[in-house]
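Just need the whole structure built from these sequences, with the hints factored in.
Protein sequence lines, in the order shown, are assigned to chains A and B.
Going letter by letter, the first sequence gives residues 516 to 709 in this note's numbering.
Going letter by letter, the second sequence gives residues 516 to 709 in this note's numbering.
Among these hints, one or two may not hold up.
Copies of one chain are not kept apart here, so a pair can be met inside one copy or by any two copies together.
[Said to hold, decoys possible] With a straight-line cut-off of 20 Å between C-alpha atoms, the simulated EDC-like cross-links for lysine to aspartate or glutamate are:
| hint | residue 1 | residue 2 |
| --- | --- | --- |
| 1 | Lys672 | Glu637 |
| 2 | Lys538 | Glu649 |
| 3 | Lys620 | Asp645 |
For the record, the hints were derived by calculation from the structure and aren't laboratory data.
As the structure is a computational prediction, the values presented were derived from the model and not from experiment.
Chain by chain, the residues run as shown.
2 protein chains.
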Amino acid sequence: MNFGRFSSYEGFLNELEAFHGKKAPGGVLGLQMVNLAWDLLPKGILMDVICETRKCLADAIQLLTPCTVGNHWLKIVDTGRFAVVFYDKQTGEGVRISLNMEEMKRHAAVNEWFLKLVPKKEQNLQAILDGINEGGASLFNHCPVTVDPEVLKARPKVPPVICPGCKEAYPPFHGALCRGCQGVTEAYFHRRPQ
Amino acid sequence: MNFGRFSSYEGFLNELEAFHGKKAPGGVLGLQMVNLAWDLLPKGILMDVICETRKCLADAIQLLTPCTVGNHWLKIVDTGRFAVVFYDKQTGEGVRISLNMEEMKRHAAVNEWFLKLVPKKEQNLQAILDGINEGGASLFNHCPVTVDPEVLKARPKVPPVICPGCKEAYPPFHGALCRGCQGVTEAYFHRRPQ
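This is the structure:
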């Protein structure tokens, strides 16, 4: 078992709590998935990641791999499934790792937590984490995938331009106005009169 | 100056490098923006964040606040602008902090880096970081905002269901099939024959 840049399981768990807010079982599933990916993929590749959920799993990926939302090596394509694609950023060849729903049933505490079968206050966190670590790689299915060449393309490194609407800088390929002035923030927030 | 859960500026910079991959100037701008937000917002609130870019700024927010992509307290609404909304998750009242493009011109190294006016290899990272820290709060504009009540709503905590297509678990409110089986991953990756 490897813990990325952390020296131990406890070191990872503590950072998961500091970063994510709690020692989330989904983060420990993420630890197992990342380890399985390292086993399955060729050594020495530069790995990028597509995570299929915005939940705790995404935070574990950010802590355990070089891939974060802010450096663009982690992309989130939210299907709501507990699954991750790990791939060679040069060739696009990789592996999709997802939960094996049948195998998970062998670990009652994990199954009850994941499927929300018992109320949170009746769950035993330690039993869930232990179940995940006992199950290890057996908890997952995996299949080879190829990532689309368009996804592999580096983002254009073009100088920003000033939006004639808000006078802020934005990438010119967004259009004649920035996306803010095109209305994409409308559903999220509004300026309040001072 | 406050460094969140890090004990010093150097501590934050080192973690920015470990997490994000480099001591990115945008992360240090993020440090200044988070400090300005702490100054402007009432003490003792629970703060959530909307970041308007997927770049280094988003990683600084994840390191310096309790808000991450995986715990849903950080949302990214990508307008491509270097701006962040920090807000009280209970009331939705907050502040939007954005770069002051005029003020940035007073700090040549920062301005040249941000607007990509000189090639990367001719940039002096230390001069850029020093310029950001000299400029501090003066580098930003800020205005009060109200976040939409829909954004404040907690996500429904409903048990997942099994997709009849892929047999994986997914949130039932996504529809009769999971979003993967609805096609949202089509543009990203494909299963490769084994």
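Structure-based check of each hint:
Taking the closest pair of Cα atoms, Lys672 and Glu637 come within 20 Å of each other only across two copies (16 Å); inside a single copy the shortest separation is 51 Å, beyond that limit. Only within a single protomer do Lys538 and Glu649 lie at most 20 Å apart by alpha-carbon distance; the minimum there is 17 Å, versus 38 Å between protomers. Proximity of Lys620 and Asp645 under a CA criterion of 20 Å is satisfied intra-copy only: 14 Å inside one chain copy versus 55 Å between copies.
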